[in-house]
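Chemist: For reference, the chains in residue letters:
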Amino acid sequence: MMSEPLNLPNGIEEWELEAFADGEALPYIERFIVQNPALWEQFMRNQRSERKLTQSLYRYDCPTLETIQSYYWNELDTGATHTIAEHLALCPHCAKEFQMVQRLVALPVAEPTSVAKQAAKRQPISAVPMPSLRGVLQEVTEQLQIVIATLLTPLTPAYATVTLRSDATQQPQGQSYTVLYEAGTTDVSLQVQQTVDNTVQIFGQILPTEPISFNHIRMIALRSTEQGYESNLDETGQFHLTELATGEHQLIISGTQQKIVIPSIDLNPR
Amino acid sequence: MQVCKIGRNHVKFVTSSVIFSRNRLLPFAMSIQEPVGFLETLTPDDLQKRCQQVRPDNSHEPFCFELFRRAIVQRDEHCWSLIYQHYIKLVYRWTNDCLKEDSQIEYVNADDLVLDAFASFWKAFTAEKLQQAHSVGYVLSYLHSCVITTVLMARRKHEQKQIIHHIPIDDPVMESASADRTEQPDDSTFDAMAADSIWKSVDQCCQENQERVIARLSFVSDLEPREILALHPTLFTDVMEIYRIRRNLKNRLRRDKEMQTHWEEAG
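Chain order of the listed sequences is A and B. The first sequence stops at residue 270 when you use this note's numbering, and every number in between is there. The second sequence stops at residue 267 when you use this note's numbering, and every number in between is there.
Honestly, I wouldn't trust all of these hints.
Each computed DSS-like pair below joins lysine-lysine, with the alpha-carbon atoms no more than 30 Å apart [what the hints assert, rightly or not]:
#1 B:Lys-157 <-> B:Lys-100
#2 A:Lys-52 <-> B:Lys-123
#3 A:Lys-96 <-> B:Lys-123
Residues of chain A placed beyond 12 Å of chain B at every Cβ, according to the derived structure [what the hints assert, rightly or not]:
#4 Leu-39
#5 Ala-80
#6 Gln-191
Derived by calculation from the structure, the hints in this document are not laboratory data. Source: prediction; values computed, not measured. C-beta atoms are modelled at their ideal positions from N, C-alpha and C, and glycine is treated no differently.
Produce the complete structure using the sequences and hints provided.
Modeler: Written out as C-alpha cells, the structure reads:
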C-alpha cells in the first residue's frame, strides 16, 4: 500500500487510469498513456503495491462453510444465526455460496437406481445416441477409482499371515491390536498402539495382490476439528503415523490408479 | 398422516404412516409387515441388500435408515463401509454436478472431494441429528449439503490462491507455477487478527457510508467498481463516481499513520 503519489498533469486523474486499466472506454487516457509510458509503468507498480491491501483483507471475516451449512440447517444458536444473517447481507461471496446450498439441496434427492430408472423412462425409443443421464452415470462409474475397504474381523489365522511385516525393531511396545481390511484386490493391515501420552500411533502395510502401486496416505479425524495427518508409503508399502488423536478417523490411501478409503477407524482406547 | 396401532410385537398393514417401535419413531413410509425389532435382527449385509432394492413405496428406506443408525449411533465400522459403497456413486454425481456449475474449480480432483464430503458428513451428522431426521431423504439431503460445502471449500481455496498471487482467472499455467508457493503461504497475509486490525484502520479512514461500502466491497470482497454499482445501483450515480471515491479513500489510506505502521510490520 506504500505506493508513491503519481505526478499527473492537470486534467488527468489517477482514478481515470484505474478505470481505463479495468477496461472502461476512455480514449483520452489511452492517448495519454501512449505519450507517457513511464508514468503508466509507475501507475502499474502502484496498483501492484495497493493490491496487498486486498490480499490481506480478502474474505478475512467470512464464516467457514461448515458454519454456513449449520446456518442452513438451523443448527446455530440465536446469536450466531443473527451474526451469519448480517454477514450474508454484507458479503456477496457468502451470499452466493449460501444460495448455492439452498438451491442445490432443495432439489429432490434421487438415489442412483431411481435416477437410472427415470433416465431410462425418458429415453426416446428411436433416439439418436446422445448424452443421457444414464450415460453420465455410466461415465461417472467408469471414472470411479475409489475402493471402499471393509473390515475383516475377527482376525483369523488365515489372515494373520498377511498382517504387518514391518521391522521388528520398529514394532510398538505396549498395548496394541491389529486390524485387517479388504479393499478389492488389496489388503490393508493396521497395527494400532495407544501411547502413554494418550495419543495413538499406527504402523500400516498395504498388501496389493495385483500390480497396483500406492504412495500416499491421508488420515482425517471425523469427530473433531483436528487437522488431518499425511504420510508417504515406503517402497514396501509400509507407513507409520504418530501422535494421532483418539476418536474416529477416515483413512485414504492414494495411488496413481486407485484410492482406497477406510470410512471409519475407531482409535478410542479398547 | 395415518398413525397405525401396532400389536405387541408386530406392525400391521402399514402403507404410508408413522411407525412406533420400542419408543423409537420410524418416521417414514413403509409397507413391511415384519415384527418390531426385525430390522435389528438383520446383519449389515442384509440391510444393504434390502436398501438396494429400491421400491416405489419407499419400503426399502427403513433398511437404509437402519444402516445409517448403526453407523452413526453404534459407530459400526462395517455399516460405514456399506453406506460408502451404496452412496458413493450418488455423492460422485452430486460432486460432478457442483463442479460443472463452477468452471473455476475444474482443476480439483473429484475423488478427493467425494471423500472429503463423506468425512465432512461423518463429522457433522451426529446421533442427535439422526434422531431429528424424519426420512432417509433428510439424511441424504444433509449429505448433499456436505458435498456442496466441500466443493465450495475447494473453490475458496482456489480463489485465495488467485488473490494471493494475483493470478488472472482461468490461467492454469500461472496457477500451476504458483502451486509450490501456495503450499507455504505468507503468515502475515493469512493472519486473521492482523486483517481485523487493518480493517479497523481502513474503517476509521472512511468518512461516509459510500466510502465504507466501497472499502468493504473493494478490499474485502475484491469487487470491481462495476460490480459494486450492480449491487448498489441507488447509492452511486455511475461507475466513475465509485472510481473517484475509491481513489480518494486510497490516497487517505496512503497518508494514514496506522496504515503505514501496518505495512512496515508486514515488511
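Chemist: Could you tell me which of the hints above the structure violates, numbers in ascending order?
Modeler: 2
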